[in-house]
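Okay, here's what each chain looks like letter by letter:
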Amino acid sequence: MININEWLQSNTFHHEQFSDLPQLIKAKEKQGLKISLCIPTLNEEKTIGKEVVLFKSELQDRYPLLDEIAVIDSGSTDRTLEIAASFGADVYKSAEILPVMGFKRGKGENLWKAIYQLQGDIIVYVDADIKNIHPRFVYGIVAPLIYQSEIKYVKAFYDRPLALSQGIRPTGGGRVTEILVRPLFSLFFPELTAIIQPLSGEYAVRREVLERIPFPIGYGVETSHLIDVYYEYGLEAFAQTDLDKRVHRHQETRDLGKMSFGILRTFCKRLKDRGIVANLPELTANLRQFQALDNSYEQVIHEIYEEERPPMLKIVAYREKIGIDH
Amino acid sequence: MNNIDIEKIISRVHSLPGELVPFREMLLANVVMISEIPAPTFGEQERISFLEQRFNEYGLMNCCTDEVGNAQAILPGTDNLQAILLTAHADTPFPASENHTCTVDVEKIYCPGVADNSLGLALLATLPTILEGLGIRLQSKLLLLGTSRSLDQGNQCGIRFFLTNSRYPVKSAIVVEGIPLGRLHYRSMASFGGMISCTIDRKVNHKSAIEILNQIIYQLGRLTLPVESHTDLVLGAVSGGASYKIPARHAQLKFQLRSDDDQVVIDVTGQINSMLEEMGKEQGVSLHLEDIARTQAGGLDSSHPIVAKTRQVMTALGIQPQKSIYSPIITSYVEHEIPAIGLGLTYGNNIHYGDEYIEIDPIITGIAQLIGALMAIDGACHD
Numbered sequence: 001m002i003n004i005n006e007w008l009q010s011n012t013f014h015h016e017q018f019s020d021l022p023q024l025i026k027a028k029e030k031q032g033l034k035i036s037l038c039i040p041t042l043n044e045e046k047t048i049g050k051e052v053v054l055f056k057s058e059l060q061d062r063y064p065l066l067d068e069i070a071v072i073d074s075g076s077t078d079r080t081l082e083i084a085a086s087f088g089a090d091v092y093k094s095a096e097i098l099p100v101m102g103f104k105r106g107k108g109e110n111l112w113k114a115i116y117q118l119q120g121d122i123i124v125y126v127d128a129d130i131k132n133i134h135p136r137f138v139y140g141i142v143a144p145l146i147y148q149s150e151i152k153y154v155k156a157f158y159d160r161p162l163a164l165s166q167g168i169r170p171t172g173g174g175r176v177t178e179i180l181v182r183p184l185f186s187l188f189f190p191e192l193t194a195i196i197q198p199l200s201g202e203y204a205v206r207r208e209v210l211e212r213i214p215f216p217i218g219y220g221v222e223t224s225h226l227i228d229v230y231y232e233y234g235l236e237a238f239a240q241t242d243l244d245k246r247v248h249r250h251q252e253t254r255d256l257g258k259m260s261f262g263i264l265r266t267f268c269k270r271l272k273d274r275g276i277v278a279n280l281p282e283l284t285a286n287l288r289q290f291q292a293l294d295n296s297y298e299q300v301i302h303e304i305y306e307e308e309r310p311p312m313l314k315i316v317a318y319r320e321k322i323g324i325d326h
Numbered sequence: 327m328n329n330i331d332i333e334k335i336i337s338r339v340h341s342l343p344g345e346l347v348p349f350r351e352m353l354l355a356n357v358v359m360i361s362e363i364p365a366p367t368f369g370e371q372e373r374i375s376f377l378e379q380r381f382n383e384y385g386l387m388n389c390c391t392d393e394v395g396n397a398q399a400i401l402p403g404t405d406n407l408q409a410i411l412l413t414a415h416a417d418t419p420f421p422a423s424e425n426h427t428c429t430v431d432v433e434k435i436y437c438p439g440v441a442d443n444s445l446g447l448a449l450l451a452t453l454p455t456i457l458e459g460l461g462i463r464l465q466s467k468l469l470l471l472g473t474s475r476s477l478d479q480g481n482q483c484g485i486r487f488f489l490t491n492s493r494y495p496v497k498s499a500i501v502v503e504g505i506p507l508g509r510l511h512y513r514s515m516a517s518f519g520g521m522i523s524c525t526i527d528r529k530v531n532h533k534s535a536i537e538i539l540n541q542i543i544y545q546l547g548r549l550t551l552p553v554e555s556h557t558d559l560v561l562g563a564v565s566g567g568a569s570y571k572i573p574a575r576h577a578q579l580k581f582q583l584r585s586d587d588d589q590v591v592i593d594v595t596g597q598i599n600s601m602l603e604e605m606g607k608e609q610g611v612s613l614h615l616e617d618i619a620r621t622q623a624g625g626l627d628s629s630h631p632i633v634a635k636t637r638q639v640m641t642a643l644g645i646q647p648q649k650s651i652y653s654p655i656i657t658s659y660v661e662h663e664i665p666a667i668g669l670g671l672t673y674g675n676n677i678h679y680g681d682e683y684i685e686i687d688p689i690i691t692g693i694a695q696l697i698g699a700l701m702a703i704d705g706a707c708h709d
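Line by line, the protein sequences give chains H and Y.
Per my numbering, residue 1 is the first one in the first sequence, and the count goes up by one each step.
Per my numbering, residue 327 is the first one in the second sequence, and the count goes up by one each step.
Warning: the hint list may mix true and false statements.
Result set (BS3-like, lysine-lysine): computed pairs, CA atoms no more than 27 Å apart in a straight line [to be verified]:
#1 H/Lys272 to H/Lys104
#2 H/Lys93 to Y/Lys434
#3 H/Lys131 to Y/Lys434
#4 Y/Lys434 to H/Lys245
#5 H/Lys131 to H/Lys245
#6 H/Lys258 to H/Lys46
#7 H/Lys46 to Y/Lys533
#8 H/Lys258 to H/Lys245
The hints are simulated quantities; they were obtained by calculation from the structure and are not laboratory data.
The following block holds chain H by itself, in its conformation from the complex (with noise of 0.2 Å):
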């Protein structure tokens, strides 16, 4: 095990690091690096236009870090799409993207899918219910990208201080992390603990790495997207940036609940995959909940499946597209 204080030295940024945009183009200009950006949606009329108008504004015709904006969208009933494509955006539904693999409604699906439909040698994902949308929110993680070739997968944080003493700044997470996902690590994957947001929606990551690994479907997808890079590459590969506030939705704790179930069930998958944890059962895809009514409390159950698609590399048409089965 890697010393995660040393890790945590030299592979935690700050945004503000990354601030002179035109050496960040020289460098990735030098390297003949091509960037897409995606992002995926369902129902965010309210915060697209303003996420697409920055970014291609700032990060294509001012300072020419992308080389495509791309909205991929889960089938949405508002104006998301017609929003988007106003201000320039490229606009795919992903049930039109590789057909032959059928749809499945879910943002991981989304991510899945941008490996085959965008050029990027590095993919930006960023969510797409950003109230305080800048920059920075893709500067910050591809710069580490693009300055350092053995950093692979980049992942953002955002400043939470919970409490101010004598300069100790509790940096946390979000319920579900701090409750589910660090303990789980701590158990399992100690290293992983480092990640500070392990749960965080904004992250950069090449090519070479994105059509290797599977793409859980839906809540799980950021958690085993950080147990599989760290089984094939280690900790070493990661790195995470600091982009200081994010304002997003709030989350109902009920909701918070079935995301945690898809990431338990994603999790368990993985142990029982990598022979971690031997004889786990089958287990259930249906989450309990209840709720009160007067005096009677009645039970209500989620289906929720954490179907996963297989790594890109494994997809004909994908390795048709690329070149690798001629």
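Fit chain Y to the supplied structure of chain H, relying on the hints for placement.
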């Protein structure tokens, strides 16, 4: 400027809306980023820093923030013999605690302060890039100024400071406001903005300050205002009290008195003072009138070349100039005898409310109008 010159400008203006389309996202991005930085009057520093950073990124000359917090920069002209000032105020009436999150949809941008005046400030941040992209270079140097402390108790402190202390004699000025497209202001009314504070001493008087304020409002309504000088009294805002069940100890009324005659404002203000003095004789009632802002009457005639040429530019773009020619934004220029006009960039609504918005499509026409006006003024400066 002769007729041939203005015809050339008008001819160019016709093609500008099409040429401006590629710059739309850049402007909108600046609108969003500026709008999301809170800038209450006296608290504009972060927004001003952003503007100065934009000026620096473009490589403008003399980028700096002055001692009252105005961001300024110079875009050099071809001969630099004259200077045209282009300004937009940076402050908004919204406190920093207001949610400044922008929403961008296909037709509109919503955000507190987006119309007044984040769009105007974003135009300053984007214009150098636009002019370069269009291959337009003025003869005069263009002074770009994002002003601080403009609204309410700021009393246009930023622009007044600049005009008093600038090293560059300003030949003419354009004041940019977000909305409405079609505004062509070139005269200032005399005005007095005041705040009446009423405080009750509970030991000797049990009335509510709001009751006293109500009597004051009634008396203000009975003032005789001269019709021939277009005099108006606007009751703008009231506040007071702490709870529904306790008589208010304090109450305040903000108002503006305006007229196209300086003397009328002086006379009516005197009447208000006398009225307050009389009402303040009641035991335990303390009344105080505080200056918020004052402006002086004056400005350009409608036949002034700057006004006439700008009207031609607007007409060429299908913009119908509004009938109102008065605005307090012209006041500081009147005080310094600098010819100035005020222009708006687009349409919008709900100004100074949380759901304030601007329309996106007309912005292109608004910028074309501004550039045409700049070219016309530049030509007039060199006649």
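So which of the earlier hints does this model not fit?
-> 7
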